[in-house]
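Number of protein chains: 2
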Amino acid sequence: MRVLSGRPDLRCMNTATLGFREPIERTARRVAAAGFGRITPWRQEIDEAHPERAAQAIRAAGLKLGGYCRTDYFAADDAAGARAAIASNRRAVEVAAVLGAPFVVAVVGGLAPNSKNLSACREQILEGLAALVPTLRATGVAIALEPLHPVYAANRSLLNTVEQARRWCERLDPANEGLFGIAVDAYHVWWDPELEAALGRAAGRVLALHVCDWMRETKDPLLDRGMMGDGVIELGRIRRLVEQGGFGGPVEVEIFSRDVWWKRDPDEVLRTCSARMDTLV
Amino acid sequence: MRVLSGRPDLRCMNTATLGFREPIERTARRVAAAGFGRITPWRQEIDEAHPERAAQAIRAAGLKLGGYCRTDYFAADDAAGARAAIASNRRAVEVAAVLGAPFVVAVVGGLAPNSKNLSACREQILEGLAALVPTLRATGVAIALEPLHPVYAANRSLLNTVEQARRWCERLDPANEGLFGIAVDAYHVWWDPELEAALGRAAGRVLALHVCDWMRETKDPLLDRGMMGDGVIELGRIRRLVEQGGFGGPVEVEIFSRDVWWKRDPDEVLRTCSARMDTLV
Chain A
1 MRVLSGRPDL RCMNTATLGF REPIERTARR VAAAGFGRIT PWRQEIDEAH
51 PERAAQAIRA AGLKLGGYCR TDYFAADDAA GARAAIASNR RAVEVAAVLG
101 APFVVAVVGG LAPNSKNLSA CREQILEGLA ALVPTLRATG VAIALEPLHP
151 VYAANRSLLN TVEQARRWCE RLDPANEGLF GIAVDAYHVW WDPELEAALG
201 RAAGRVLALH VCDWMRETKD PLLDRGMMGD GVIELGRIRR LVEQGGFGGP
251 VEVEIFSRDV WWKRDPDEVL RTCSARMDTL V
Chain B
1 MRVLSGRPDL RCMNTATLGF REPIERTARR VAAAGFGRIT PWRQEIDEAH
51 PERAAQAIRA AGLKLGGYCR TDYFAADDAA GARAAIASNR RAVEVAAVLG
101 APFVVAVVGG LAPNSKNLSA CREQILEGLA ALVPTLRATG VAIALEPLHP
151 VYAANRSLLN TVEQARRWCE RLDPANEGLF GIAVDAYHVW WDPELEAALG
201 RAAGRVLALH VCDWMRETKD PLLDRGMMGD GVIELGRIRR LVEQGGFGGP
251 VEVEIFSRDV WWKRDPDEVL RTCSARMDTL V
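First to last, the protein sequences are chains A and B.
Letter by letter, the first sequence follows residues 1 to 281 in my numbering.
Letter by letter, the second sequence follows residues 1 to 281 in my numbering.
It should be emphasised that the hints constitute simulated quantities derived from the structure, not laboratory data.
There's no promise every hint is true.
Partial list, computed: chain A residues near chain B (C-beta under 7 Å) [stated by the list, open to error]: (1) V151; (2) N155; (3) R156.
Once the Cα atoms are required to be at most 27 Å apart in a straight line, the calculated DSS-like pairs of lysine-lysine come out as [said to hold, decoys possible]: (4) B/K64 / A/K219; (5) B/K263 / B/K219; (6) B/K263 / A/K263.
On a predicted model such as this, the values are computed, not experimentally measured, just so you know.
No residue lacks a Cβ here, since even glycine has one placed at the ideal position from N, Cα and C.
Construct the entire structure; sequences and hints are all you get.
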């Protein structure tokens with residue numbers, strides 16, 4: 001396994017970890033000062049009408065982009081809703097290109113608001129993703145399909161395992177041209193009894209590795225994620241499996257923690273993340 | 001698909017649905033009066049030193065047993081803990097035999113309290129299950145392995161998909177002698193993109209079908225389960241898949257709902273369950 005210590009190029013901070021409390025310019029400076037070489041911002045932090053301003057601020061801080069978060073949900077109850085999601089997600093890809101992000105993370109969405117039809121909604125999502133292909137080709141930006149934990153299937157993502165993401169990549173990008181890949185987040189996939197086999201088959205498709213931790217007694221699966229080392233995930237095992245498949249990108253910290261880490265001083269959070277990456281990831 | 005209306009033999013009530021507010025004798029009378037022909041009680045409701053008393057009360061109400069809930073968690077940090085779980089679970093099987101329950105539902109438990117080692121804990125669980133075989137043979141009672149939703153992997157069950165349960169059955173009961181089978185609970189498996197294929201391969205192994213519903217905005221994955229029809233699960237689809245595999249047992253209602261259904265009058269809850277079974281399951 002790669003050594004992460006002293007390697008800013010292998011250390012990426014997802015801005016969600018800091019709770020979106022400050023403008024991206026200030027966040028970027030803090031992240032760089034903590035020894036991270038990459039940053040993954042969220043759309044809500046970027047003025048998408050003028051993304052070159054944020055791009056400049058991030059460059060000025062000495063950072064590169066890890067990725068860009070994230071797509072709007074694809075499944076909708078009517079055609080107008082589906083078209084709006086595709087239009088928004090095309091814009092995310094264009095903005096990612098301006099920022100210099102290699103990919104947009106796709107959180108594909110759950111069931112359409114008035115639907116229970118899993119297969120129809122998954123098909124609608126796949127059609128929406130396929131509609132992005134011309135923009136992906138034009139920009140050189142990829143889509144990193146992120147399987148989310150099955151607890152989010154109803155309302156956030158009908159893409160729930162690495163194996164399912166791999167199959168979607170095979171369908172959307174059969175020649176592996178780099179249009180679609182997979183964002184593996186340890187929080188979402190750690191429990192999967194098929195994980196090792198699925199990551200083996202997904203070799204060459206993984207674009208991102210996200211880390212945080214799953215607390216044994218999770219109060220809220222969305223906003224009670226743990227700092228690396230505080231929960232039950234064998235983070236080293238997952239990184240080893242991903243790296244065995246050829247992954248060479250940075251390890252990205254993404255922690256949604258409303259009641260703990262989002263209340264701490266941002267520099268303390270970054271220092272803690274950095275120290276944990278050296279020993280526990 | 002089978003018609004459930006007017007078929008008490010195909011309608012089973014899991015007592016958790018009523019929130020454990022009354023003694024089993026009274027619960028059994030209510031359940032029978034609502035048109036259910038079977039009941040699945042929990043260990044906390046049965047005096048396991050004298051299970052013949054509860055057996056008599058359930059028979060007197062005109063009910064048969066659906067199953068018996070449930071095993072203690074197998075994974076432990078030391079050998080004494082593992083032995084204690086096995087001893088408790090042997091006793092559950094013996095009690096099930098006295099009650100006349102065809103199987104004990106196995107909720108296998110999550111990680112041992114101080115472990116992060118998924119594969120070691122799963123192995124310990126499998127060894128614990130295997131240790132029950134002599135008691136299963138002696139009593140004729142089976143173990144119904146229940147895959148739980150992955151949200152429970154850390155603290156309640158490292159068995160999380162139908163396919164995983166099928167593999168465990170193949171290992172524990174390779175000749176399919178009826179020692180081990182699968183309890184399919186729609187709440188736990190509805191999201192699984194592999195569900196149809198897994199249920200196809202599990203044909204002949206399914207011992208139980210549990211229903212409730214997954215609320216789109218679930219507040220608490222443990223105790224905020226929905227009444228059939230109030231959530232997003234395609235219950236008819238899942239029942240059809242299970243019945244296509246040869247399942248001929250009753251459909252069992254099991255709803256953990258602390259803030260809604262556990263506060264309602266038990267007879268109202270039973271009437272609602274019964275009506276929903278006629279049209280929505």
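- Message: Output the indices of the hints that this structure fails to meet, ascending.
- Response: Numbers 3, 4 and 6, in rising order.
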